[in-house]
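K.L.:
We have chain A already, so just place chain B on it with the hints.
Protein sequences appear in the order of chains A and B. The number in our numbering is simply the position in the first sequence, starting from 1, with 286 added. The number in our numbering is simply the position in the second sequence, starting from 1, with 10 added.
It is possible that some hints are incorrect.
[Claimed, not checked] Pairs of lysine-lysine, DSSO-like flavour, derived with a Cα cap of 27 Å: (1) K445(A) - K374(B); (2) K367(B) - K345(B); (3) K367(B) - K106(B); (4) K345(B) - K445(A); (5) K374(B) - K346(B).
[Said to hold, decoys possible] Listed next, with one range per pair, are the computed distances between beta-carbon atoms: (6) E233(B) - D354(A): 52 to 62 Å; (7) D403(A) - N319(B): 52 to 62 Å; (8) L353(A) - Q297(B): 38 to 48 Å; (9) R253(B) - V380(A): 29 to 39 Å; (10) D327(A) - Q249(B): 55 to 65 Å; (11) L232(B) - P367(A): 50 to 60 Å; (12) E233(B) - V439(A): 52 to 62 Å; (13) W438(A) - G87(B): 30 to 40 Å; (14) L353(A) - H72(B): 56 to 66 Å; (15) Q249(B) - S325(A): 49 to 59 Å; (16) E86(B) - D403(A): 24 to 34 Å; (17) N378(A) - D296(B): 14 to 24 Å; (18) I145(B) - D315(A): 11 to 21 Å; (19) P283(B) - D403(A): 23 to 33 Å.
[Claimed, not checked] To be clear about the criterion: a stretch of chain A counts as covered by chain B if any three or more of its residues have a C-beta under 8 Å from a C-beta of chain B, and this derived list gives those stretches: (20) 371–383; (21) 401–408; (22) 425–433.
Hint data in this document are derived by calculation from the structure and do not stem from the laboratory. For each residue, glycine too, the CB sits at the ideal point set by N, CA and C.
Chain residues, written in single-letter form:
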Amino acid sequence: MNAESDDSTETEDDPTPSAPLRYDAPLTDSRGQAVVHPSRDTWLEVAEAALNDGFDHLTDVTAVDYLDYQGRRDLPDGVEPQRFEVVALLSNIVTRERIRLRVQVPVDDPTVPTLFDLWPGSETPEREVFDMFGITFVDHPDLCRILMPDDWVGHPLRKDYAVGRIPVQFKDQGATR
Amino acid sequence: MSVTESTDTSDEPVVDPTERVRRRGDDSAVLRMSEAEAAEVGNDPHLHADDQRVLLNMGPSHPSTHGVLRLMLEMEGETVLRSKPVIGYLHTGMEKQGEQLSYMQGSTNVTRMDYASPLFTELAFSLATETLLEIEIPERATWIRMLMCELNRLGSHFLFMATNGMDLGAVGMMIYGWREREEVLRFLEKVTGLRMNHNYIRPGGVAADLPDGWEYDIARLLEMIPPRLKEYDTLMTGQPIWRGRLQGVGAMSAEEAIALSATGPVLRSAGVPSDLRRDEPYLAYDQVEFDVIVGTYGDCYDRYAIRLNEIRESVRIIGQILEAMPSGDYRVQDKKVTPPPRARIDESMEALIHHFKIFTEGYKVPAGEVYAAVESPRGELGVYMVSDGSSHPYRMHVRAPSFVNLQTMPHMMRDGLIADGVAIISSVDPIMGEVDR
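Chain A on its own, in the form it takes in the complex:
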């Protein structure tokens, strides 16, 4: 919650005070909560730096599909908006500080490196994101559907997946009575 209080991790001579950095990635403030915006290339480095900085608890991993969102303005300069965004919520179990990592993921290559090797607790949340959004976590130990059936077609939480579009299950098996 206390976003800018921790100056020690900011990089040495940042010329523009208006663009703060944390773990070499742009830092923004969202309603008093600290948000770090790494790129996909620096995703693991930033995550590891956060882990070494004491954020030992990966609270959750989730994603957002920004397909229908017109005019997003909450991204800092230099971060190119993409359709998907993977969000990792981290907390420090001792100081109770929280940060959020948000990485932009393009739709034509929906892949992100897995956080499993840093926080094994990312296993099921990442499976849920894969199931619901079709984002692949590279090097995840067991990336398969978790809430939907294994043979389900489509990823329900994508914005182009209509609410009413439910294929009829067990149709080809015919009625038993």
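P.N.:
Only chain B this time, still in chain A's reference frame:
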């Protein structure tokens, strides 16, 4: 077994607990196998002919799996080697549904997730919405929320006592746990009109003020519960069979629990004093006194004892709320969020129009994204909400504690007996509605 062999095994290098949960292959505790692979193994009699390993399905319809949890177990005799919880049987797309409903309707949706403690999901949803709206709710509404949530925590923990006892063969306990929960539910019904799925805590406050005479009901509850807890102690806590059944079963270290993102009683049982009510006080938890109950061994007994003592702490908190309940409004008087009172509709055209608009269109919430977390009976319950400035959440994600805590199960079950597995499932206390959402 020769003596040299037994000394060899004791010389095994000590493995860092967090390394143990990171393992990927056959020495992992998690049975990472798809349905198809499992079916293949099951159909091939020669695959495991040399050892006695079998794959066993437990659930989804099994009396000890708390609804529709299925466990895929790799067994050797009675010993569980690897396991994997298979979930999704109760998935109803509530997060997708949350994007279709306005903020006003949203609490009706989220309350159906954790059906044993529905008020907490409503609270997390409301706190997230209020942070986005940047509104401050009245003091009385805050304290009513706290009162109702602590009562709900009682109800949820009583339900745990009942099911935990039942799962372990103390069937009498089931009736007692249910009996106490019923008393709590009776009060919740009196206030909210419903026994569950209350939709009582809404963005902007609560749905209705406390009924007349609520103090007497609460005082009666506070008088009734402590002696009943003594009965629990007699029936279970000090009883050798109960202790023998739970102590040392499903033990987990603090490092493992943190690495696996556990929260709530599962994390606290391993000795980590983590309770959002104290660590990141929301509502008015910084104005009441209570202790965070912490375990030592991270076993099933600790998780039982933590919940039993949390009932005592909740009783303590409710006693303080009874003393300190302020007067005032029970919902914010911001006309943007709160519909006009029923009486105004009859006399004012504007009020009628406003009432119609707020219920058909809902209110607009400024764009932004926010995460709000509360301490539910099962752990950290958070809502991550993205608003695009319209009257519907653009994305509403619920960080369900049961869902995340489930992944600790294979690690607790490893090398234990299948009968202990039942104790472990019970001690994690998963609510499948929340797991599958």
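K.L.:
Does each hint hold? Answer for all of them.
P.N.:
Okay, the hints, checked on the actual structure:
Between K445(A) and K374(B) the CA atoms are separated by roughly 20 Å; this keeps the pair inside 27 Å, and the hint holds. The hinted pair formed by K367(B) and K345(B) meets the criterion: a straight-line CA distance of about 12 Å does not exceed 27 Å. Proposed proximity of K367(B) and K106(B) is supported: the alpha carbons are some 24 Å apart, at most 27 Å. Straight-line distance between C-alpha atoms of K345(B) and K445(A) comes to about 32 Å, which puts the hinted pair past the 27 Å bound.
The suggested pairing of K374(B) with K346(B) holds, with an alpha-carbon distance near 9 Å, which does not exceed 27 Å. A hinted range of 52 to 62 Å holds for the C-beta pair E233(B) and D354(A), which are about 55 Å apart. Judged by the Cβ atoms, the range 52 to 62 Å given for D403(A) and N319(B) is violated: they are separated by roughly 37 Å. Our hint of 38 to 48 Å for L353(A) and Q297(B) holds, since their Cβ atoms are close to 44 Å apart.
A hinted range of 29 to 39 Å holds for the C-beta pair R253(B) and V380(A), which are about 32 Å apart. A C-beta distance of roughly 58 Å is found between D327(A) and Q249(B), which places it inside the suggested range of 55 to 65 Å. Roughly 54 Å separates the CB atoms of L232(B) and P367(A), a value that falls within the hinted 50 to 60 Å. In this structure, E233(B) and V439(A) meet the distance hint of 52 to 62 Å, their C-beta atoms being roughly 58 Å apart.
The given range of 30 to 40 Å is respected by W438(A) and G87(B), whose C-beta atoms sit roughly 36 Å from each other. At about 40 Å, the beta-carbon gap between L353(A) and H72(B) misses the expected band of 56 to 66 Å. Q249(B) and S325(A) have their C-beta atoms about 58 Å apart, which keeps the hinted 49 to 59 Å range intact. For E86(B) paired with D403(A), a C-beta distance near 29 Å keeps the hint of 24 to 34 Å intact.
For the pair N378(A) and D296(B), the supplied restraint of 14 to 24 Å holds, since their beta-carbon distance comes to about 20 Å. Separated by about 19 Å at the C-beta atoms, I145(B) and D315(A) satisfy the suggested range of 11 to 21 Å. Against the hinted window of 23 to 33 Å, the Cβ-Cβ separation of P283(B) and D403(A) comes to about 28 Å, which satisfies the hint. Residues of the segment 371–383 of chain A lying with their CB closer than 8 Å to a CB of chain B number 4, which satisfies the three-residue condition for coverage.
With 6 residues having a beta carbon nearer than 8 Å to a beta carbon of chain B, the segment 401–408 of chain A meets the requirement of three or more and the stated coverage holds. With a cut-off of 8 Å between beta carbons, the segment 425–433 of chain A has 6 residues touching chain B; three or more are needed, and the interface restraint holds.
Comparing the model with each earlier hint shows violations of hints 4, 7, 14; every other hint is respected.
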